[in-house]
Amino acid sequence: MKSTAKLVSWIALALTVVPSLLFFAGLLGHDLVKWLALIGTIGWLCATPLWMGRELQVDASQVEI
Amino acid sequence: MTEQTSEGGEFERVSVPESALLGSSKFWGMYAGEHTAGTEFMIGPLFLAAGASLQDLILGLLLGNLLAVLTWRFLVVPIAIAKRLTLYYQLERIAGQDLVKLYNLINGLLFCFLAGAMVTVSASAVGVPFGIFYAVPQSTFALGPPTFTALVLLVGLVMAVVAAAGYAMVARVANIAAPWMIAVFAACGIVSLVQVEANSLTAWNEGAFWTDAIAFVQARNGAQSFSFWQIVVFAWLCNGAMHFGMADLSIFRFARSANSGWAPAIGMFLGHYMAWIAAALLLAALIKVQPEMAVGDDGKVNANPGLLAFQSLGWTGIICVVIAGWTTANPTIYRAGLAFQGVVPKSTRTIMTLVAGTVATLAGAFPNLSAKLLDFVGTYGTVLGPMGAVIFVDYYLISRIGLVPEYADRTKSSINPAVLIAWLFPVSVGLYMIFWQGLFAAYAVVPAWIVCGAIYLALSKVIQRPLSAQ
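Line order of the protein sequences matches chains A and B.
Here the first sequence is numbered in my numbering, starting from 1 and rising by one per residue.
Here the second sequence is numbered in my numbering, starting from 1 and rising by one per residue.
By construction, these hints were calculated from the structure, which means they are not laboratory data.
Note that the coordinates shown come from a computational prediction; the quantities given were computed from them, not determined experimentally.
One or more of the hints may lead you astray.
The calculated SDA-like cross-link candidates involving lysine to any residue, where the alpha carbons are at most 20 Å apart (straight line), are [to be verified]:
1. B:K288 to A:G29
2. B:K288 to A:K6
3. B:K101 to B:T411
4. B:K288 to A:H30
5. B:K372 to B:Y443
6. A:K6 to B:R172
7. B:K26 to A:P49
8. A:K2 to B:V173
9. B:K372 to B:A142
10. B:K288 to B:D212
11. A:K6 to B:V173
12. B:K346 to B:D98
13. A:K6 to B:P179
14. B:K412 to B:Q464
15. B:K26 to A:M52
16. B:K288 to A:F24
17. A:K6 to B:G29
18. B:K26 to A:W51
Full structure from sequences and hints, please.
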């Protein structure tokens with residue numbers, strides 16, 4: 001289960017950024033880039049909480065700019 | 001010594017034991033996410049709006065971020081791993097409990113203003129689908145359009161309530177979102193490059209996409225300049241409170257090896273290099289593609305983060321600005337609540353967090369705060385940074401001239417006057433120079449730090465009495 005979720009997350013992350021590179025290379029249109037990024041975003045935000053159980057950072061209440 | 005655990009973290013009043021030390025990878029992971037935040041959407045476009053040249057930006061940010069990393073590595077980390085105490089406990093031992101409360105209160109107020117800017121950033125994104133746009137009025141203390149002010153109040157209220165409910169959930173969302181936010185920043189930058197027709201080496205060399213955008217802004221906002229050295233010093237010192245001010249002692253006290261001190265490099269070069277340049281390109285792209293959208297009702301160009309991200313990556317951009325603003329504002333409000341609670345110990349954390357959230361929301365209703373984020377961040381470093389000089393001098397120099405380190409702790413005093421004067425004097429002069437003489441705020445950080453350290457050393461020599469006589 002975890003490994004499937006991980007796989008979905010990484011594919012989703014790729015969908016967020018790779019289409020913009022293809023747009024840069026002239027292989028995709030802008031609208032398609034936006035749709036793929038949105039699908040990637042939804043995929044990442046749904047799949048990642050299933051496996052990314054990262055512990056709270058040390059002194060997580062610190063704030064960085 | 002016994003271990004203590006609290007909401008803010010473990011080992012707050014003891015040295016971190018060997019068993020709790022962490023390897024370098026933890027710090028690289030943490031800094032990678034921490035510096036890609038809502039502020040980046042605001043700061044990047046401000047460089048372009050201020051008239052920074054592209055060459056200066058690329059080289060200046062490179063040098064400034066490098067200096068920031070070196071400051072963390074060679075100023076903060078040696079003291080952090082030698083003493084393994086939080087900033088607050090270390091300051092309490094040197095400056096006294098009441099002085100730390102004052103420092104904490106000022107820290108909390110500054111956090112509220114930073115959170116306020118992030119409320120504005122999030123509201124700018126929430127407003128885009130509803131046709132409610134962020135606009136910066138002429139006067140510093142003027143509100144934006146009524147619909148935008150109402151939206152800021154609504155977003156701020158939600159953020160304050162979520163922050164009051166606790167820190168863990170927001171921190172978890174921030175952790176999960178961090179890699180995705182970095183990817184969105186990168187995607188925004190790449191899309192913007194195509195939109196400004198800078199997808200060839202020739203276009204980069206000519207740089208017309210950048211100079212045209214600056215000319216567009218300056219024709220409407222008036223001529224401005226932002227020099228190479230302003231960029232360097234800003235990039236170096238925008239986290240002045242964290243490195244020169246030693247706030248990150250609290251983080252690096254867990255470091256097993258001094259090599260962990262290189263970890264901020266990933267945050268600097270992803271968040272304060274790639275993300276700032278990407279965010280600046282967003283404004284250049286908006287000016288190229290939809291120039292009428294870049295100009296507000298007052299005829300001036302405003303960097304509206306929500307709109308910038310939307311025109312580049314659509315709904316993904318909107319979601320990213322909302323989450324980036326939220327995950328920056330929430331811990332900031334939470335931290336400010338803790339600081340206020342320290343000043344009023346009988347209050348509850350929930351109430352104080354709601355107070356901090358209210359102050360942040362009211363601050364966020366004034367759009368000039370986020371529009372002047374470059375100045376605010378420099379001022380933040382000027383006010384909090386000098387306390388790091390006190391810790392530096394106390395650790396390296398006080399014993400060498402025969403004085404007593406951690407004097408407040410040894411004498412059981414609640415305020416060490418040497419620290420109070422050493423801190424307030426250069427900060428007052430720095431604030432006068434910034435607000436009344438127009439000094440670029442980040443330029444004040446290092447002089448204030450040096451003067452604070454020198455005054456603390458000199459006054460300690462005058463004030464300290466032999467311990468046996470106490």
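Restraint status (C-alpha distance of B:K346 to B:D98 at most 20 Å) = Measuring from Cα to Cα gives roughly 16 Å; hence the hint holds.
task = Would you check the hint for B:K26 and A:M52, treating anything up to 20 Å between C-alpha atoms as holding?
result = Between B:K26 and A:M52 the Cα gap is close to 14 Å, so the pair holds against 20 Å.
key: Hint consistency between B:K372 and B:Y443 [alpha-carbon to alpha-carbon, up to 20 Å]   = 16 Å, holds
ask   = Is the hinted pair B:K412 and B:Q464 satisfied, with a Cα-Cα distance of at most 20 Å?
value = 13 Å, holds
query = Are the Cα positions of A:K6 and B:P179 separated by 20 Å at most?
reply = 13 Å, holds
request  = Take a quick look at whether A:K2 and B:V173 sit within 20 Å of each other, Cα to Cα.
outcome  = 18 Å, holds
message = Can you confirm whether the C-alpha distance between B:K288 and A:F24 stays at or below 20 Å?
response = 16 Å, holds
task = Starting from B:K101, check that the Cα of B:T411 is at most 20 Å away, please.
result = Measuring from Cα to Cα gives roughly 18 Å; hence the hint holds.
message = Checking one constraint from the list: CA of A:K6 to CA of B:V173, max 20 Å. Satisfied?
response = Between A:K6 and B:V173 the Cα gap is close to 17 Å, so the pair holds against 20 Å.
request  = Sort out whether B:D212 lies within 20 Å of B:K288, counting only the CA atoms.
outcome  = It holds: about 9 Å lies between the C-alpha atoms, which stays within 20 Å.
query = If you draw a straight line from the CA of B:K26 to the CA of A:P49, is it 20 Å or shorter?
reply = 19 Å, holds
inquiry  = Does A:G29 sit within 20 Å of B:K288, going by the straight-line distance between their CA atoms?
reply    = Cα-Cα ~18 Å, so holds.
The structure fails to meet hint 2 from the earlier list, while all remaining hints are met.
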